[in-house]
Amino acid sequence: MDKPCILVVDDDREIVKAISINLENEGYRVLKAYDGLQALDMLSSQSVQLILLDVMMPKLDGLSATMKIRQDKNIPIIILSAKSEDTDKVLGLSMGADDYVTKPFNPMELMARVKSQLRRYMTLGDINVKGKSNLLRSGGLCFDPDTYTLTVDGEPVKLTPTETKIVELLLRNAGRVFSTEEIYERVWEGPAYGAENTVMVHIRRIREKIEINPKEPKYLKVVWGIGYKIEKI
Amino acid sequence: MDTKLKKSKPFLIWLCFFIGMNIVISAIMLGIMSLDEINDNFDVIRAVLKQDLKSSQNFINLIADRFDFLARYINDDADRYNASGEYLDRLENEGENLIYYAINPKTEKILTNSKTDHGISEKGKPSLPKGYDYFLYFDGERFIAEQGGKTIDVYRKDSGYKKSTLWRYINGNPSSSTVNAGELALKHQAGLIDSPFADMPDIKGCKILLMVKKNIIENPYAYSSLYNLKRSFETALVIIAAALIIFLAGVALLVFSIIKRNVKREFDKVLVRKSGAVWFEVKAVISLFIINIPLQVLMYGWYFNKELVHVLILICFWWFYLMFKDLYANRRRFFSNNSISSLIKFYRSFESRKPFQKAMLLRIYALIAAEAVLVILVAIFFYGFLAEGGIYLLPALVFFAMGVYLAYRYLKRYSNEIGDMGRVLDHIEAIKKGDMETKLALDPGADLYTAAENLNKIQEGISKAVEEKIRSERMKVELITNVSHDLKTPLTSIISYADLLSKEEGLPDHVMDYIKILVQKSDRLKTLIQDIFELSKATSGDLKVEKERIDLGKLIRQTLADLDERISQSGLLFKIDIPDEPVYIISDGKKLYRVFLNLIGNALKYSLEGSRVYITLEVKDGKKAMAVIKNIANYEMDFKEEEVLERFVRGDKSRTTEGSGLGLAIARSFVQACGGSMNIKVDGDLFKVELGFNIE
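Residue numbers (the numbering used here), protein chains in the order written: chain W, 1454 to 1686; chain Y, 23 to 718.
Derived by calculation from the structure, the hints in this document are not laboratory data.
Pulled a few chain W residues facing chain Y out of the computed Cβ check, cut under 7 Å:
1) Asp1465
2) Ile1468
3) Trp1677
In silico BS3-like cross-links for lysine-lysine, where the CA-CA straight-line distance does not exceed 27 Å:
4) W/Lys1536 / Y/Lys543
5) Y/Lys538 / W/Lys1668
6) W/Lys1674 / Y/Lys569
7) Y/Lys612 / W/Lys1668
8) Y/Lys566 / Y/Lys646
9) Y/Lys566 / W/Lys1536
10) Y/Lys569 / W/Lys1685
11) W/Lys1682 / Y/Lys566
12) W/Lys1542 / Y/Lys569
13) Y/Lys569 / W/Lys1682
14) W/Lys1485 / Y/Lys525
15) Y/Lys543 / W/Lys1668
16) W/Lys1668 / Y/Lys525
Some chain Y residues close to chain W (C-beta under 10 Å, calculated; not the full set):
17) Leu509
18) Leu547
19) Gln552
20) Leu582
Cβ atoms here follow ideal geometry from the backbone N, Cα and C, with glycine treated the same way.
Given these sequences and hints, build the entire structure.
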């Protein structure tokens, strides 16, 4: 159990190989499967810590495989798909996948997502056991008001005091949309006259720090023309 | 063969009906005609059926006449009437069928064809010779008659003898007659009785005997009236039997045709179709003529010509049978198929060959002309009525009614036309609103019928074209989705392996350069594929838009904040003029973010170094929000404003190495999908994009 084992499933052997090389370079053990049934077979016989799963595959497609795996296993699943529609993403996530990466993906980004999911799966479990009740949480995002620290998938993130305040405000009210004025008034505690841009730039910086791909944020989302929010996950 | 039989079957059944009906009607008619002679006829029929010749009235009349002759000749009375011996010859002609013996004691004259007196010199009954079974005997005072050994009471009131010429002898008084002389003469003329004599001789004391043979035989030498009577009795039996058979056959045919009435009706339909084609006026006139027949018969009786009456009554029956069938089957058409409607129809077929405007004008002219003619006719006949009175009023009224009817027809048609026009207009409106389902159904006779049909065809064409278009758009989207998927899979490998290569160490520098180009180009391909996919979805109307109330000013600021880093690195000066108060519009924020991202991204890419980029938002008339992005291009914009959106498609020169060149096209289709408008203006080096949205 020293090296985490990752199962890569895709009917395109070259893609599987490329991903494997990247993963092995990162120091993971890799199992390869080329269809859904093969993947399920391997899962039953081997200990796997993460699955990278293509959607369109022969014999058993990725979404059905996800549903089958979720019946008895809690391991992280990252779906790899050429389908880039929002509806496809929502469908994949609602089936029980932890992340959704569209093809063609940036190998670096994929590695980052793999790391993040693994961290969460392996270390976050411990924190959960410790069970500090006043932690603010949204998915892999975790804010400790006592120590004033933010961790993403267990990895601490360095934030400025203003940024920390903004994150705390949004995390405490996860799911609620805050307008820039409201954020300014609550964080800077002053009238928000012409200060919108300040808030917006701050938010962009936070996003760059906590998101793997700031262009497609997972936690801190822009509600265009209205404001900002942190998703309740 | 089989079909032929099937075809002719209704006719055969109908023929059965026709013949059966004729026979039954004829029988009924004969029955009615003989009502006043019914007793006589029954007697005759009864006698004929029994073949009892000698108790029939005909026989009695014959014998009575023969008695009359004898009575006159024995008294030499015949001379008064200038009668020669011809009547005596009639007695003679019977040969051995009739034995007569007459004696006048006063003159001692004896008339006989027999050698004996058959015992009439004695008192009492005469003795019949062998082979004879009938006698009529006057013994000087009384009549005695016997037939087949049975005595006949000649004096009985209802006996046939009293009805014959014998009545005067029986009564003994010519004036106590039930029959007057005039009628007698008439009957003689009509050949009903032989005797021309109007009065009677005194036969008191004379003895007159007539005896008839049991089996009346033919007299080969002369015409025997008795034999003739016998023969006619025999044929009458045959005739009665035949009549009965014919009557029964008629009833059978009628019953058969009634049982098979469904088949019969087929032929009725053929008849009705034929008679339906005849004008109402013709039928009315013929009916008026024919209805006269029963009226005439009722008024004057049928004596003048029974056969003609018979045939006329049958014609009358069949005519009205046809008329009722016609009326029942054709209903309104029975009346509406008249000369006026035919005239109108003829006019209409003439009119239909003209163009619509001409036809409408022509109709007004035709109406005016027809009304003018009718007015003149009415005037003429009314003047005639004032001058001559009486019969001229009817045509005047008829022509007046025709004029009113014509005007009514025209007005009705005109009002229908107006209604139809309204419906056509409504239909055009409905088509405009996109209703491709409901068809315009006008009456086939309407003037606008062709127009309505053409409109329906146009509607059908549009609906087909739209359907086709939607289908082809959907196919396009499907194709692009599939193609983009098929492009993405190999691209994933390319990007992955290019990335692996770029991480490879110890490669010569020029190889590293090649790899860098591979990485760059594969990235460009990636954005290109994503943009094409998005654009094709937007232009095919497959784009899902989630509209909500958003602040356009805030959206622009958020976008700018998102691009903050790139803006500050660009060396361009951004001049932002956005009102502090919110500018609310109803739109899809995500899509609009893409729009501004593309537009500002373009400004960053193509602006002259060190120049200013102006981004303004203003509200016009409180109704429209106008966002404008202006920048100075870093190249010569030698294209027209419209072309810039299609540049990629047209393969223009100003394509760049980065991006897909689809940014503007995507922006415009997104804006349109979000309910806004996007215009591009080029003025020298000034590039200006205007976005317009309706204020909430």
